[in-house]
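S.K.: Residues per chain are reported as follows:
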Amino acid sequence: MAARARSAPLAALKNPRLQAIGLFVLAAILPLAVNNGGFTNFLTDAGAFVLLALGLNIVIGFAGLLDLGYAAFFAIGSYAFAMLSSPQFGIHVPFWAMLFLASGIAALFGILLGAPTLRLRGDYLAIVTLGFGEIVPQTFLNLSQWTGGPNGISSLDQPTFFGYRFGFQVLPYYYVMLALIALAIVVASNLRSSRLGRAWMAIREDELAAAHMGINTTTTKLAAFALGASFSGLAGVAYGAKLQLVSPDQFGFNVSVAVLSMLVLGGMGNIPGVILGSLVISSLDRLILPQLTNFLHDVVAPVFAGSAALHGFFSTIDLANSRFMIYGVILVVMMLFRPEGLLPSRQRAAELHAEDDDPTAAAQEQTMYNKAVT
Amino acid sequence: MPRLDVFLQQLINGLSLGGIYALIALGYTMVYGIIELINFAHGDVYTLGTFFSLATLSLLGVSGELHGLPLIGVALLTIFVSMLLCGLSGVIIERLAYRRLRNAPRLAPLITAIGMSFILENIMQYWKGPAPIPVPQFIPNPSFHIGSIDIAAKQILVILLAIVMMVALQLFIYNTRMGKAMRATAQDRDAAQLMGININTTIALTFLIGSALAGAAGFVSGVYYGSTYFFNGFAAGLKAFTAAVLGGIGNLAGAMLGGFLIGLVESMTTQFISDQWSNVVVFSVLVLVLIFRPSGLLGESVPSKV
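Protein sequences, first through last, are from chains A and B.
Going by this note's numbering, 84 is the number at position 84 of the first sequence; the sequence numbering is gapless.
Going by this note's numbering, 54 is the number at position 54 of the second sequence; the sequence numbering is gapless.
Just so you know, not all the hints are guaranteed correct.
As the list claims (entries may be wrong) - Which stretches of chain A does chain B cover? Using the computed rule of at least three CB atoms under 8 Å from a CB of chain B, they are: (1) 58-70; (2) 77-85; (3) 129-135; (4) 146-153.
Hint data in this document are derived by calculation from the structure and do not stem from the laboratory.
Beta carbons are placed, not taken as given, at the ideal position from N, Cα and C, and that holds for glycine.
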């Protein structure tokens, strides 16, 4: 964990639990200190992605199941909230109850999708989940009599907290998001060291061996799918309530790939890594690229006032369009050169670099192979 | 129009649509057959094919219908350029993104493949912008009437091209030394290597041919639809992959059969259910085939491990 890398003079600073609490206190003060509505809004959206990344981390990072349709569960959580807690059908389930209900519904869909498909080999599973990820938003789009079609559902219920109405300010939603993240971290880290978590990692590393050790691979994988989905159900409710709107275009394949790149960048399987990855990518998306675009328009373009072509290029370029390029480059470069991510868990790093220093059969096979190639 | 005629009309439409899917599916199935990788970027190589055709046509200054010798010359040159450039793109993608990961955990190259797909889409978006782009219609398109059914010349062209490519591919794979090397590498890479086959070259060749076929599909789809769009390859690629799986992945004839079937499924859904459900139906076919018959219609059993 991150605690090992840091060499602080005080022993207390090395305690990961205290570090986490400290970071949370900082995160709670941050929007108050900056006191800028746009920034708080950004932090809240970034929080939703942290939650998604923590959930997908259970599926991909812990259990090693590549889920390319994770945004579908996010959509299901959001739409569950939108349909059960808005004027759409006149049903008004309270926000706090919806958090549980929607994560349950998302988990149920995780089981429904997982039960028939988890027997498939890894890459087929990836494609099936991808197909599912395409079907779900398309279905919400098509069932317009219930879902509002392309317009989605708007004016969702605003949460109240002991009589306090959240209204349209973003700050209360930020604290809800922060609380959900704290809950998700506690659940995820406890899961990882639980019997279930160790079973996930055993399956990730060698499914056949895990099965021979008496692990029921199907139910274990199903649990990963269901728990991972339930996190995105939570994220869906909180995100929908904050936005006051759900629409089918919020949940495309690009969302699934964005979350996947967060995991790959930060370090699959490692909770601090995953949070770091999602914060980096959210900041790139929402803060750095727009700022850089403004910089190119306002500062760089005038420099090239003499050359019409360059001036035109720099004054019209919009780096927000490069978002997919950035996800793509992150996925390719990280998998090629640092598959364990920026902040890896030790086991994962060892596993992915087995051939570097481990004189096992696999490594020997590798050298024999290399010799044969050359 | 009587119901039977509607059905026959959609049969023709579905088969020509299927011709395009079949050509793309061949690339998926060849690559999967040899290195067991779902080459996620393949659908985007197909769109790249349409973009290369567009660039060739604009270099040649073609904007309207052509006839006689110029028509044949332009058509052959455009398809050749598009196949060549797509083939090279495929080889480059393999070299950059997949070769290093050949012995990595299986999911690693799949993730880089998704990354390559996003990169290609973004490159195409920069190249021609985010809006659909018209493709010049230089091939005359008379239609033939049989009863109340219309068959357009383009539709015949698509189906014929797919069949010709398929036959050429079969002849290559079963009658040449390189084809034999490809089959051997697909069967057992290590053993093939011990027999003196250069597997790097063989795999690169597989990507070259598979991507060139996607280039041909890209050319013909430009002609068929009259427009293209940088994001086309995602849905088309997924449908073609469905076709490859439906036919039995790794099986060339299966990819062809699957392609035509998926084309039919799509056109029939559009006609008899609704346009907006066609993607949902096709992806549901994918999910159902993978669950109930993962070896596909013509495939042999797939090893179940990992």
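S.K.: Confirm or reject each hint.
M.R.: Verification of the supplied hints:
With a threshold of 8 Å between beta carbons, the proposed coverage of the region 58-70 of chain A by chain B holds, since 3 of its residues qualify and at least three are required. Interface restraint, the region 77-85 of chain A with chain B: violated (0 residues with C-beta to C-beta distance below 8 Å; minimum three). Coverage of a stretch by a chain is defined here by at least three residues with a beta carbon nearer than 8 Å to that chain's beta carbons; for the region 129-135 of chain A and chain B the count is 5, and the condition holds. Check result for the region 146-153 of chain A against chain B: violated, 0 residues qualifying (beta carbon to beta carbon below 8 Å, three or more required).
In this structure, the earlier hints numbered 2, 4 are contradicted, and the remaining ones agree with it.
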